[in-house]
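Chemist: Each chain is listed here by its residues.
Number of protein chains: 2
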Amino acid sequence: VAERPVVPAETAAPDVAPVQPRFDLNAGSPDLTAFPRPAWLSALRRALREAPAEALGYADPRGRVELRRALAGYLARARGVHAAPDRILVCSGFTHGVQLLGLTLRRRGARSFATEAYGHFVHHQAVAASGLDVPVVAVDEHGALTELLDGEDAVLLTPAHQFPLGGSLAPRRRLHAVEWARETGGLLVEDDYDGEFRYDRQPLGAMQALAPEHVVYAGTASKSLAPGLRLGWLVLPGDRYDEAVAARELMGGPSTLEQLALADFIESGAYDRQIRRRRIAYRNRRDALVAALAREVPGARVTGIEAGLHAVVELPGGVSEDEVVERAAARGVVVQALSEYHHGGPARPPALVVGYGTPPDHAFSGAVARLCAALAT
Amino acid sequence: VAERPVVPAETAAPDVAPVQPRFDLNAGSPDLTAFPRPAWLSALRRALREAPAEALGYADPRGRVELRRALAGYLARARGVHAAPDRILVCSGFTHGVQLLGLTLRRRGARSFATEAYGHFVHHQAVAASGLDVPVVAVDEHGALTELLDGEDAVLLTPAHQFPLGGSLAPRRRLHAVEWARETGGLLVEDDYDGEFRYDRQPLGAMQALAPEHVVYAGTASKSLAPGLRLGWLVLPGDRYDEAVAARELMGGPSTLEQLALADFIESGAYDRQIRRRRIAYRNRRDALVAALAREVPGARVTGIEAGLHAVVELPGGVSEDEVVERAAARGVVVQALSEYHHGGPARPPALVVGYGTPPDHAFSGAVARLCAALAT
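Chain order of the listed sequences is U and L. For the first sequence, counting from 1, position 5 maps to 5 in this note's numbering; every step adds exactly one. For the second sequence, counting from 1, position 28 maps to 28 in this note's numbering; every step adds exactly one.
Hints may contain errors.
[What the hints assert, rightly or not] Beta-carbon label-pair distances, calculated as ranges:
#, chain 1, residue 1, chain 2, residue 2, range
1, U, ASP133, L, ARG111, 47 to 57 Å
2, L, ARG49, U, SER365, 53 to 63 Å
3, U, PRO360, L, GLY185, 40 to 50 Å
4, U, SER365, L, GLY238, 57 to 67 Å
[Claimed, not checked] Sample of chain U residues lacking proximity to chain L, with all beta carbon distances greater than 12 Å (derived):
#, residue
5, PRO30
6, ASP31
7, ARG77
8, CYS91
9, ALA138
10, HIS142
11, THR256
12, VAL302
13, ALA330
[As the list claims (entries may be wrong)] Which chain U residues stay away from chain L? Per the calculated CB distances, all over 12 Å, these:
#, residue
14, GLN202
15, PRO237
16, GLU321
Think of the hints as simulated: they come from the structure by calculation, not from any bench. All C-beta atoms in this analysis are idealised placements derived from N, C-alpha and C, irrespective of residue type, glycine included.
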């Protein structure tokens with residue numbers, strides 16, 4: 001007689017039972033344990049001590065001038081952006097910025113705002129929520145096929161590091177995009193979410209510098225610091241600025257104290273230090289991931305440039321995404337299938353999107369080992 | 001021969017030349033110099049020290065549960081709101097909440113979202129920006145004429161203290177509004193922007209308690225603390241909650257650290273202390289304003305209940321709003337004409353909206369004296 005109680009098959013084996021994700025390899029987040037809490041508290045303290053009373057009042061919808069000045073300097077220096085304080089709009093992270101742009105375009109009479117065929121679903125949703133059509137532009141290992149742009153009113157691109165595929169937008173395609181914008185009056189939106197994190201060479205400057213009057217440059221503190229701060233910024237063409245400010249006035253925005261803290265954080269050099277430290281850390285993680293995969297899962301292939309906080313890992317032949325995601329889950333690893341980011345057009349080969357930036361240091365090597373085991377099984 | 005240089009007439013007399021507003025009586029702002037900086041810094045410090053790493057990640061679009069719990073307790077206790085953490089949505093101030101509700105209604109197929117005939121222009125704009133018609137509901141000294149509600153999909157009301165006219169929504173009209181909502185499925189949006197500040201009696205509880213499944217209750221830290229924090233909250237009917245959360249996910253929201261700081265601020269009792277202190281201060285200011293007007297400008301009449309941070313001052317016979325606003329400006333006082341808040345329907349008698357909550361303590365009596373002089377001239 002069996003002594004063990006009868007349990008349903010799907011919970012019988014402890015390693016396939018649903019467990020709390022101990023190893024988070026979701027893409028899109030930095031290592032939150034590396035947030036510089038003491039330095040941020042100092043910046044907040046100074047902001048709170050030095051802010052004039054009016055800074056606590058109804059906020060300038062453009063964002064605090066102190067922050068716009070600090071960003072203009074930083075973006076010119078670090079990303080080659082043509083930026084001036086009176087072209088910068090501070091927003092509550094990039095998705096907020098996308099919806100703001102969508103609503104602004106809609107009010108102008110625009111009908112479509114294209115996104116890359118692979119990308120964050122939430123950006124796709126934000127565009128759709130503003131009432132615009134969202135056609136998709138195919139992407140490959142060299143970024144979006146901008147030569148296919150046609151009658152769209154705007155297009156969202158990730159030139160520095162296509163999300164999630166990982167390519168850098170080829171120079172020829174950058175020029176195509178700019179020509180398209182000049183000829184049609186279409187708007188290019190450059191999502192530079194992780195432009196500071198390039199490991200193999202100096203980062204390419206922002207595409208915006210090629211045509212500041214046709215590109216909205218978008219940056220964020222979500223990867224460099226933490227998404228919970230909800231701090232992002234847009235650099236807009238002159239003739240799009242006022243309407244975006246008007247839309248922003250109705251759409252909320254970040255606390256002025258947090259804005260002043262970020263201004264202080266940038267001006268004091270703490271922002272550069274944080275990025276330098278994190279660049280080294282993420283680069284080491286990427287190298288470790290690539291080495292482990294080469295050793296343990298020879299059939300897998302890491303694609304994309306050496307940059308950012310995530311890598312695309314093409315699966316060994318004959319293995320499905322669902323299968324690997326499930327096997328990883330059984331080992332306590334949460335990781336996403338590439339197809340979760342697919343919005344239309346031709347599909348890429350089966351792959352995982354591995355957010356190596358996400359786990360805390362102490363969990364990183366365990367996460368990689370378990371991921372390799374799930375891939376190798 | 002004249003020794004003085006010839007100057008254009010409009011700048012010749014120093015008292016009519018445009019001067020920097022030294023005395024700000026604009027309505028809608030608390031006294032920003034009374035923001036409790038040390039207590040807020042303590043709350044931020046604790047939030048930053050105690051927040052788990054995940055709190056720095058992509059934010060729960062509902063808002064941090066710590067804050068939703070603190071608000072549920074506070075709102076039930078202080079405003080009689082039927083609130084539970086899973087019905088509360090944290091947003092970036094009230095205008096953000098209005099646009100969020102507007103977009104949500106629009107997605108449901110709604111066509112119109114009425115506002116009171118007198119109100120904040122920015123709320124009117126936020127509704128219109130979501131693509132809805134914005135009919136207006138007439139208001140008098142007893143609040144909105146809710147008996148006139150008809151086929152609107154939603155209506156924005158200020159039941160505790162009509163903004164800016166200053167009446168409290170009459171009990172009969174509250175019932176009318178609730179009946180209308182029950183019969184038509186229309187949504188009542190209760191903007192409780194200054195419900196804590198009533199001076200002549202215990203504040204009336206929120207209208208929301210009469211029909212929690214038909215009312216969205218909206219509150220804000222903008223009057224109790226500071227608008228610069230950009231912290232507000234909605235309490236939603238069960239069947240409207242999920243769609244509002246989905247919209248909020250695309251629309252930005254406040255920093256999780258600020259949310260945790262406010263949760264701490266409420267739970268520690270600091271929020272109640274701040275409100276008690278400010279209630280006394282604003283009450284004294286209101287009394288001083290009313291007394292000065294009775295003494296200096298007998299023809300003027302202060303209308304509305306004894307509440308809030310502003311008063312409506314009906315002008316002595318034969319004086320126009322523009323005239324008084326200009327005379328006040330010449331004395332360094334910025335104050336708004338009632339007609340600036342008028343969106344349609346029958347107009348009220350000429351009046352000023354006097355934001356007695358706005359100036360710092362040291363400027364208050366000077367502002368009142370100059371206002372009286374401008375009115376008495």
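Chemist: All hints are to be evaluated individually against the structure, with a verdict given for each.
Modeler: Status of each hint after checking the structure:
{"no.": "1", "hint": "U/ASP133 to L/ARG111: 47 to 57 Å", "in the structure": "22 Å, violated"}
{"no.": "2", "hint": "L/ARG49 to U/SER365: 53 to 63 Å", "in the structure": "28 Å, violated"}
{"no.": "3", "hint": "U/PRO360 to L/GLY185: 40 to 50 Å", "in the structure": "49 Å, holds"}
{"no.": "4", "hint": "U/SER365 to L/GLY238: 57 to 67 Å", "in the structure": "45 Å, violated"}
{"no.": "5", "hint": "PRO30", "in the structure": "9 Å, violated"}
{"no.": "6", "hint": "ASP31", "in the structure": "8 Å, violated"}
{"no.": "7", "hint": "ARG77", "in the structure": "26 Å, holds"}
{"no.": "8", "hint": "CYS91", "in the structure": "7 Å, violated"}
{"no.": "9", "hint": "ALA138", "in the structure": "25 Å, holds"}
{"no.": "10", "hint": "HIS142", "in the structure": "29 Å, holds"}
{"no.": "11", "hint": "THR256", "in the structure": "4 Å, violated"}
{"no.": "12", "hint": "VAL302", "in the structure": "25 Å, holds"}
{"no.": "13", "hint": "ALA330", "in the structure": "23 Å, holds"}
{"no.": "14", "hint": "GLN202", "in the structure": "29 Å, holds"}
{"no.": "15", "hint": "PRO237", "in the structure": "21 Å, holds"}
{"no.": "16", "hint": "GLU321", "in the structure": "23 Å, holds"}
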